[in-house]
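Enquirer: Residue numbers (this note's numbering), protein chains in the order written: chain A, 1 to 112; chain B, 1 to 115.
Think of the hints as simulated: they come from the structure by calculation, not from any bench. Some clues are possibly wrong.
[As the list claims (entries may be wrong)] Interface residues of chain A toward chain B, partial, derived using beta-carbon atoms under 10 Å: (1) Val4; (2) Gly43; (3) Val92; (4) Leu100.
[Stated by the list, open to error] Output of the computed footprint for chain A on chain B, the stretches with three or more beta carbons under 8 Å from beta carbons of chain A: (5) 37-47; (6) 103-109.
[Stated by the list, open to error] Cut-off 20 Å, straight-line C-alpha distance, at most; resulting in silico cross-link-like pairs (EDC-like, lysine to aspartate or glutamate): (7) A/Lys49 <-> A/Asp85; (8) A/Lys99 <-> B/Glu1; (9) A/Lys99 <-> B/Asp38; (10) A/Lys42 <-> B/Asp38; (11) A/Lys99 <-> B/Asp56; (12) B/Lys65 <-> B/Glu53; (13) B/Lys17 <-> B/Glu30; (14) A/Lys99 <-> B/Asp59.
Here the structure is a predicted model, which is why all the values come from computation and not from measurement. Glycine included, C-beta positions come from ideal geometry on N, C-alpha and C.
Residues per chain are reported as follows:
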Amino acid sequence: AQSVTQLDSHVSVSEGTPVLLRCNYSSSYSPSLFWYVQHPNKGLQLLLKYTSAATLVKGINGFEAEFKKSETSFHLTKPSAHMSDAAEYFCVVSEGTDKLIFGTGTRLQVFP
Amino acid sequence: EAQVTQNPRYLITVTGKKLTVTCSQNMNHEYMSWYRQDPGLGLRQIYYSMNVEVTDKGDVPEGYKVSRKEKRNFPLILESPSPNQTSLYFCASSPPWAVNQETQYFGPGTRLLVL
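Okay, chain B solo, but in the shape it has when bound (with noise of 0.2 Å):
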């Protein structure tokens, strides 16, 4: 089956701990992102990745970085996560090609409670 998977779907800490929420793709896709959602906000882009060993910055990097070592993979990492982080966070992915056309396929969301 088709899918993006995410670990942990739920995670409670406290500021300054750094925590890593895994992203994992069987799609074989190029194009990986990570979206934070928040009230009243929609979701906004934090970073993506066009292909293994590219990144690039969304909209709201501060404060998070991300690797991309493998294609099936993209980890988010919290360094040092404040309580402006909780949010609910979602990776997705799409093919390369016009990735505006494509469908991006969104994995089922990490719910973060930073204290």
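Same shape as in the complex, but just chain A (with noise of 0.2 Å):
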């Protein structure tokens, strides 16, 4: 069965410093993995999707994660907050089914 743990439920930064939210995923096959965003208040959206193509996803507003299989690993990582990044992140993961699986979220606050 596949599961997605995300290991911070609260991370905090400083504006200017990197980002690194945490997700480990379980999977029998080959999964896709997707990182969405939530801002306060409003609906989710896709950051970045991992499909068996290259490993190291590039999303928007310069977030990236990387895909490894040996660790089942899949952080979202970002050289620089800005204020505007503090929001709830989940981390999802999908087995070739209809169904997402999504994390238990980790929220980002950035201090100024």
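Dock chain to chain to rebuild the complex, using the hints, since each chain is given by itself in its own frame.
Expert: The structure is reproduced here in structure tokens:
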């Protein structure tokens, strides 16, 4: 069965410093992996997705994630945080089915 | 503009009073889905539909019904709402092929409070 674990429920960084949001997945087959972002009182927006092409995936707003099969990880990173990055981030896995499995979310706070 | 719309956006109701949350998409997508979002639990799928007249249960279907009489609409029905259905609900849609590899487009959410 597929599952996804977001290792941190909250992450706080200062503006201009790197961001790391951690995600580990469990999957029997080759998964597809996504990161979605949810800004306060907004819907979900796709940041990036991995679908068995390049293992380093670049997304919008300067975010990227690296698929590491040996570590079953798909961590989200950004070199320099901006105040507008403050939001909740969801790691999502799908295994060739109709269903997306969401992690429990990581709330990112960015301090000036 | 390609979008998924939900109505109402906010709703306060009382236990047992039937309600319907509408969802509509203008992208001619075959696949539509409902999720609920609760603190610390992420998003959990309630029901999904692969096409008109084809619906199936997700992970948390109890207390909900859906219908898919036309491609663009996928209403969520709570026949007898209870306080544990207080949540934030999202509708999503996507093309039918390899749903997992295509972007699911999400609606803005409906915040429901059941007293």
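Enquirer: For a quick check of understanding: which of the numbered hints are violated here, in increasing order?
Expert: Hints 8 and 13 not satisfied by this model.
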